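Student: Below, each chain spelled out in residue letters.
There are 4 protein chains.
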Amino acid sequence: MRAQNISNQEILDVYQVEFLQKYGVRTDLADEAHQVIVEREGPPELPGVIVENEETENAAICRVTVENEVGARMIGKAPGHYSTIEAPGLRQHNREIQKDIGGLVAKEIKWFIEQSGLSKEEPILVVGLGNWHATPDALGPRVVGELMVTRHLLELSPPELRTGLRPISAISPGVLGLTGIETSEIILGTVSQIEAKALICVDALASRSVGRLCSTIQISDTGINPGSGVGNKRMSINQETLGIPVLAVGVPTVVHASTIVSDALDVLGGKDPTQIHRDKDVPRKTSFNMDPQSILNPTMQPSPISEQDKNRMLSEVLEPYMGSLIVTPKEIDELMADVTDVIAGGLNSAFHENVDYSEIFQYLS
Amino acid sequence: MRAQNISNQEILDVYQVEFLQKYGVRTDLADEAHQVIVEREGPPELPGVIVENEETENAAICRVTVENEVGARMIGKAPGHYSTIEAPGLRQHNREIQKDIGGLVAKEIKWFIEQSGLSKEEPILVVGLGNWHATPDALGPRVVGELMVTRHLLELSPPELRTGLRPISAISPGVLGLTGIETSEIILGTVSQIEAKALICVDALASRSVGRLCSTIQISDTGINPGSGVGNKRMSINQETLGIPVLAVGVPTVVHASTIVSDALDVLGGKDPTQIHRDKDVPRKTSFNMDPQSILNPTMQPSPISEQDKNRMLSEVLEPYMGSLIVTPKEIDELMADVTDVIAGGLNSAFHENVDYSEIFQYLS
Amino acid sequence: MRAQNISNQEILDVYQVEFLQKYGVRTDLADEAHQVIVEREGPPELPGVIVENEETENAAICRVTVENEVGARMIGKAPGHYSTIEAPGLRQHNREIQKDIGGLVAKEIKWFIEQSGLSKEEPILVVGLGNWHATPDALGPRVVGELMVTRHLLELSPPELRTGLRPISAISPGVLGLTGIETSEIILGTVSQIEAKALICVDALASRSVGRLCSTIQISDTGINPGSGVGNKRMSINQETLGIPVLAVGVPTVVHASTIVSDALDVLGGKDPTQIHRDKDVPRKTSFNMDPQSILNPTMQPSPISEQDKNRMLSEVLEPYMGSLIVTPKEIDELMADVTDVIAGGLNSAFHENVDYSEIFQYLS
Amino acid sequence: MRAQNISNQEILDVYQVEFLQKYGVRTDLADEAHQVIVEREGPPELPGVIVENEETENAAICRVTVENEVGARMIGKAPGHYSTIEAPGLRQHNREIQKDIGGLVAKEIKWFIEQSGLSKEEPILVVGLGNWHATPDALGPRVVGELMVTRHLLELSPPELRTGLRPISAISPGVLGLTGIETSEIILGTVSQIEAKALICVDALASRSVGRLCSTIQISDTGINPGSGVGNKRMSINQETLGIPVLAVGVPTVVHASTIVSDALDVLGGKDPTQIHRDKDVPRKTSFNMDPQSILNPTMQPSPISEQDKNRMLSEVLEPYMGSLIVTPKEIDELMADVTDVIAGGLNSAFHENVDYSEIFQYLS
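Protein chains in written order, with the working numbering: chain A, 1 to 365; chain B, 1001 to 1365; chain C, 2001 to 2365; chain D, 3001 to 3365.
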């Protein structure tokens, strides 16, 4: 099964590379990928890709369905469902907005659980990926720390009382560098030991847009694939490798320094900034005010910068840390605390429907 | 196998209860149990129990071997080996002493590993039991955080280079209340998944003697049994339940409030204080100065206090928290940091013999 | 002024010692002191001491006014006002109850501020006493970390906009052992530098009753006196030493191990348990069930235990840590987080009246 | 005195602005400023500026003396002494190297203290600037947490025993946003209250070169000036404002995202990379391989990018966080822990000469 998975992984990687070569963009977020294409190719008609948008008071929700291999090839993402909740308000440290977004997260999670055909009483295991000790990578473990777990309580209570209650358990397996074990191995072992019927992974992602940091939440049913996230979790964690449905809840908490530098070079290289910057928070006119020409000798045409030249310049600016350099807002600690409450609140209310939602929020730190 | 284990556990429990009834003492430390008996019954000749003592500059090492069921019955502990390192110097926040004790820990660990007949290249999994978020219970997870894990590195290196190198991995599974999963289940799942050949559990213990806090280290090959430690880990973790050798490294970090109160009542009840307090740090004469008579009306004999009366008085003093009240030194945070370095340093050097020991210590925070 | 203060302090100490000798009780809480007397001497008629009780849904509020030296002598507390909010519900980790108690704290704080005759625009400095690094002593610094400070903002805004807004500032000076400076010196220096017109100290206290832990809040206008709290803050911090009104907000977070042991010995010594245990959480009948006689040989009378014997026994049980041993609930981290929110929420709403209170609470972690 | 200080500050600001306009570089590090000039203007002969270099096994030490206003104008730094210790080895988490660098720090500190003409027994106050809660800004408070303070002990000991011992005290005043008080006000108040005879500020700096992060230590006697550091400390802290010698120990822990982006644009704009990147860790040839021409249409000359255009592009890439975006290595937590040990170890041994240095290091976490 491992081999099988890897080969599929390889195919997916090929798609991503193709996408990267075609659009010069690498992203963990399906709606980012979709936006890129639309901007380049105009009308959002992609074979095998369905996109649905919803606006709420505090958020913009984008649901992308990749129907098949064709769509996967188009968009560089595995077939499956992707819901992205963009909520700039999460940067305002306002508990009311947090509650509202928490409710949206709960709604999406419930939808995905129904999709997976799980019964109300089948046990779910939540896994907090990432590293306790690195603030921007600690989302998963921190969410797990705020979950209301019930599996151990239900096991003690008489069957007749368990009706309609879902056993929830949660672990934070740590990262390869600290455990010496692939996260997926610990998950695999635990899942088979406790016979979980579905898995939900919570993870910090790397975004390519600063505007997404700690304010965008992506939920998908395609699992976790290599290289995602800030930490080190290389083997895939998905239905193929685990044999049960796998939901992934991800929040961008960092941008790689190399990403923003290469964005800057693209702007300079003459790319339409709207292709680089897709964050609603930036008033479009800023973009239109922007005239790449003005940077360069009027007598010449800007020519895009080759990847090779870019990499040379990146190493100029980012050595000796290069790849390990991450960009975060100064107030990252507070932003992480808030988005942790939102995700944990959303999961708790999705899991324990008969419990009053506002009550649930009370029990979050 | 579970049933099998439980029945054995039950037998062991019976022994402990018998021991408790006979001596009014419940302890996680084999040498404490042994001392109690010796004090009551004089000559330390116990059938089925072998005791060996060693004095070093900074520590007193006591090695107890429980040979068989007879010995187990006598001392209320499972058959196996128990090494206890008592090092009051660990309370002095002195790095030299910490290094020295770390060396003693390494020596004992190596001995236990040899006993278990493990080859130099067979993989060991270290498990940090306990709760990250409760200082006195965080010993295990904190030690794991300072271990040099090598399994993932060795898997990447060519076989010829791995000669004589032992793959080490480490996890901190969390506590039942936060995960909803018995710690032993996560361990069981992981062990079978990564095919570990031996397990080492690091755990915070409850001691019955204040003098032991953060200054005594017990290593045994009988695993972790129900109710041990500060946290909540009820199923046994031992060779029976896991099928591989299980070493347990434990350090007392708390005393239950009920323990010290009941000790006080025992003193008053006329028990010879030496039976209650066995900590080397207390000059014996203090004890001899002590005259229980003086407390009571000279015309009467002190009569020991019944468990029932004791419990009444305990609830008077300890409600409403009762069982959950723990006693720690004010400086517990610093003491925990030091003993964490000692255990982690000891394990690292026991695992990676060809590495210079002082070097290893350098890599500890 | 310092000398002046010290001599007064000495007088106060004398009162406390007298009180201790007379009733064998040392407490930081005025209502505890009052209860002791009432229990011993019946009718709560104390010259110079006025007591007012109020019951709310989640709390019992006791307001003690020590009118003069006579009252001070009676009750062993400096002349002034003491409000004690007892709220066992704070142990339930329920945000609604926390909000409610936060409101009560705000109400008391406002009353004390009015008492002090401060105008709406006069600046207040909040000081978080205690040690960041020791969980049970970190109340003050943690509360300060959640305060909405405004002084720097108001200084930047035009005078006409500042009308009715109170400049709030806050510091956590640390403890003597870590700074080498008496906390009171740092406060004195800062107060005179920024010309604060009132001071509010937040501090963790040692209680003598387990039932009070993290569930009782005392507010007084007599400042902080030597030896209070868990940490080390020896010089007085009060109107005498600072020249401005000083409010003290205190919460018991630990009981000294020696306290509960000596309580136990008192029970055994034949004292009426009601004299030892005054926590509403313990159903009285438990106390009546209790029969000290049953502990001892029926032919004798129990005789109270002398302080001297008690100390001998304490050292038997508590060496080598003795004084530094503290008793806390296992879940202290969570309890501290909750009571921190309550105090910070209460102060924020007392300071910023025109801001909606529920909003304020939203901004707490 | 404040006015006086501000006017001087203004002059200094003018110098910095001039320097910025002339070289397009803003830096907290004197040797960076010097290098820039040398690279542009060749021979390192600057009137009023003396530079001395020293190489050790693990570090390169550069001592810059700005003799007068002329030199200050040349280099855009206040007159005074600046020692910069560059030690890339600090990125290796190796305790031996840390000890070595700690020794170098101690040596420099002693030199500065002698310069200031302080007697062996005059008291020094150490101030840890920055924010406990933001990892990269917590250097100051963390160093203070590891200092051996002695002031309170010496005050208790008889004068004859204090001979040759220096009273050390230390505080972490917090940041304006959390206290509402200018850090300098708290320092001013405390200094005058305890009559400190010299001040040492420890602070996290923003560097403009990634290669400096957590591996460069600057010590100067010109104090802390506006805008330095990650946190918010706007008023000057120097001999002018405090009336006593002020040493500043700074370590770059972040690079502003805008800095590396603008560096990238400069490379592209055709600037000689050696002018941008001066980190020894980057093999020069990398730079020579680099050919800005290759990026652009061969028929044109690259033209440097105007500040205005740069800012447009920066906002394109960095909105909505812009200024608050910081760049750190992923492993920042571990790097901070190590450099904290180095600074604290260095200060402790500089302060307590008669104490064995290796001993001192033992007492660090």
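Derived from the structure by calculation, the hints contain no laboratory data. Do not take every clue at face value.
To be verified - Label-pair ranges, simulated between beta-carbon atoms: (1) D:Glu3114 <-> C:Asn2068: 50 to 60 Å; (2) D:Asn3053 <-> B:Leu1156: 57 to 67 Å; (3) A:Gly48 <-> D:Gln3308: 43 to 53 Å; (4) C:Ser2306 <-> B:Gln1308: 49 to 59 Å.
Please read these numbers as outputs of a predicted model, since none were measured by experiment. Beta carbons: idealized from backbone N, C-alpha and C, even for Gly.
Student: Output the numbers, in ascending order, of every earlier hint that fails for this structure.
Tutor: 2, 4
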